[in-house]
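Student: One-letter residues, chain by chain:
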Amino acid sequence: MPTYGKGLRGLSILTLVTITAALILVFFYVPLDATQGFIQKIFYIHVPLAIVSLCGFVFGGVLAVMHLRTGDRRYDLRSYVAIHMALIFGVAALLAGSIWAKASWGHWWVWNDPTLVSYLIVLLMFATYTPFRFSIEDPERQARYASVFAILGGAFVPLNFIAVRAAQEYVHPRVLTLTGSNLPGPMLLTFLVSLLGIALLYVTLWKYEMAAKNARMQMRALRRRLLGDDDIRPLPRSAAPSL
Amino acid sequence: MTPFAIAPALPLHAAGKYVAGAYIVFVVVILIYVAIMALRLSRMERQLVELNHDLARRDEAGEAGEHQRQARHPDDPDGGREPARAGRSAGDSSL
Numbered sequence: 001m002p003t004y005g006k007g008l009r010g011l012s013i014l015t016l017v018t019i020t021a022a023l024i025l026v027f028f029y030v031p032l033d034a035t036q037g038f039i040q041k042i043f044y045i046h047v048p049l050a051i052v053s054l055c056g057f058v059f060g061g062v063l064a065v066m067h068l069r070t071g072d073r074r075y076d077l078r079s080y081v082a083i084h085m086a087l088i089f090g091v092a093a094l095l096a097g098s099i100w101a102k103a104s105w106g107h108w109w110v111w112n113d114p115t116l117v118s119y120l121i122v123l124l125m126f127a128t129y130t131p132f133r134f135s136i137e138d139p140e141r142q143a144r145y146a147s148v149f150a151i152l153g154g155a156f157v158p159l160n161f162i163a164v165r166a167a168q169e170y171v172h173p174r175v176l177t178l179t180g181s182n183l184p185g186p187m188l189l190t191f192l193v194s195l196l197g198i199a200l201l202y203v204t205l206w207k208y209e210m211a212a213k214n215a216r217m218q219m220r221a222l223r224r225r226l227l228g229d230d231d232i233r234p235l236p237r238s239a240a241p242s243l
Numbered sequence: 244m245t246p247f248a249i250a251p252a253l254p255l256h257a258a259g260k261y262v263a264g265a266y267i268v269f270v271v272v273i274l275i276y277v278a279i280m281a282l283r284l285s286r287m288e289r290q291l292v293e294l295n296h297d298l299a300r301r302d303e304a305g306e307a308g309e310h311q312r313q314a315r316h317p318d319d320p321d322g323g324r325e326p327a328r329a330g331r332s333a334g335d336s337s338l
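Residue numbers (the numbering used here), protein chains in the order written: chain A, 1 to 243; chain B, 244 to 338.
Among the hints, a few may not be true.
Capping the alpha-carbon separation at 25 angstroms, the derived lysine to aspartate or glutamate pairs in DMTMM-like fashion look like this [as the list claims (entries may be wrong)]:
(1) A:K6 x B:E288
(2) A:K207 x B:D302
(3) A:K6 x A:D72
A short, non-exhaustive set of chain B residues, derived as facing chain A with CB atoms under 7 angstroms [claimed, not checked]:
(4) V262
(5) V268
(6) V272
By construction, these hints were calculated from the structure, which means they are not laboratory data. Even glycine gets a Cβ: it sits at the ideal position worked out from N, Cα and C.
Chain B on its own, in the form it takes in the complex (with noise of 0.2 angstroms):
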């Protein structure tokens, strides 16, 4: 005889309820939790789609720029540019 065909039946009596409401609220704090991280996760992709765009408008910005300082400046094949400030390579981020 195999081990499932030994097993209870599931009892349907007043216990079941109870038992049901345990696993139940177990099932329902993983939800949330999922839930909370599903929130995160469309936030974080509406910051990276605003993060898209403002690179897109700093890009937008640059080329403009260029094409002022080449007009300005049509012999010096730097453009007259000012050496680019360093951005900071590590983040402080609050979590």
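One chain only, chain A, in its complex shape (with noise of 0.2 angstroms):
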């Protein structure tokens, strides 16, 4: 059985020191922006947490193939923290972004911009995941559904990507491009950093998660191998992958 907790202390302690880096520079470092002020400085959490959100569902897409190919029932359990992380930091970044719109729309939400409208759906998308696994009895089965569930999922995420791209009308700001970013040097800089703070958090939970879930597992055998199979209680239905 694997440990996740390797490497874990000093991942987090990294995650931590970058965070820390990336709201000094938002707040000390990075000039205010000409347009929109103060405010645009929702932009070093919002983007960062939706960017690493929507990575995060094709990260489980890509365990979730994994799953299919090896049949080994860990790439799942993997997947499914994966898009449970994900979708955490969805919730985040939906959060911070109605914040945003607030301030700069006048309104916490607009239906008009596909960028908000394709981002909702992706992650109404994938919050239908766990009552979809929920909803399968059989453990082999639940497995092998949510790991298609989770393919065709994170084949969305760019499709969709693409075709916001290819929208004419939009609210939204289009500050990163294909072909580079609109950003001065010290904005990008502190965009960067902020960006790699939240995809490091976003591994750091998501090996805690793993570790937390190896640990209960491995104590429910040790359970098993010492008292028997009579003293173990039944376990009861669940959407988390069971082994």
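Put the complex together from the two separate chains, hints included.
Tutor: Structure (structure tokens):
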């Protein structure tokens, strides 16, 4: 059984240092935006959260491919945790974006912006992932169907991104393009440090979650070995993978 | 001039509450996650205590049984014991 706690301490410290550096850069280094002023500082938390959450969904899809290819249920567990974490980051991105929208546009939400609506669609789609898993009782089928869901969802993310880029009418500013960024040096540096910090946070929390689940599994296996099958309570129905 | 010397001071105008709100959302989400993890950890600790307790009880029961067997079969070095049943090596756990 693999150990996910390895290197977690160093990773946690690195994450903390990077996020602290990002916050220092955001509030004490980067100049104010010429048009948006102070409110633009939400950009350094909102965009990295959104990017990392979308990458997390794709990561979950890639792990689901590995599960279907190898039949190893541990990949299903990894995929489940990756999607779970990406969903948490996605909700945080949505809330931060909504606050920015209220300050900038005067509305918490606008329906005529393809970036916003497409992101909401992706988020809602992955919000059904856990209830979908719960609806399937047989663990083998649950793992297989969930992997198919994760692959389709993961493939939908870049397709959706391309579709939104192709849209002509949008309210969202286009700061990052395929040819580069429209950000000046200090802003780009701050953004990249923030992105790195949030990405590290995602990896750290993913590893924490995996370590916790692994520890619970190992403890249950130990209990089974030591006390025998009769003393173990039957497992309740769960959306979480079982190995 | 160092970058920090030319850094703008934090303005406390209307935008401040929105920026604070966005960053607080981020911190709150992380804190909620950490709180959930702490709850899970405490549950796991309870289960570990329970497991230790069960093991101690099993050992006590085993020792008592051993004494009884020895008393019944003083000449048999095995004490008339049946072969131990092997437990399963892999756990099927919900997470």
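Student: For each hint, tell me whether it holds in the structure or not.
Tutor: How the hints compare with the structure:
| no. | hint | result |
| --- | --- | --- |
| 1 | A:K6 x B:E288 | holds (20 angstroms) |
| 2 | A:K207 x B:D302 | violated (36 angstroms) |
| 3 | A:K6 x A:D72 | holds (21 angstroms) |
| 4 | V262 | holds (5 angstroms) |
| 5 | V268 | holds (5 angstroms) |
| 6 | V272 | holds (4 angstroms) |
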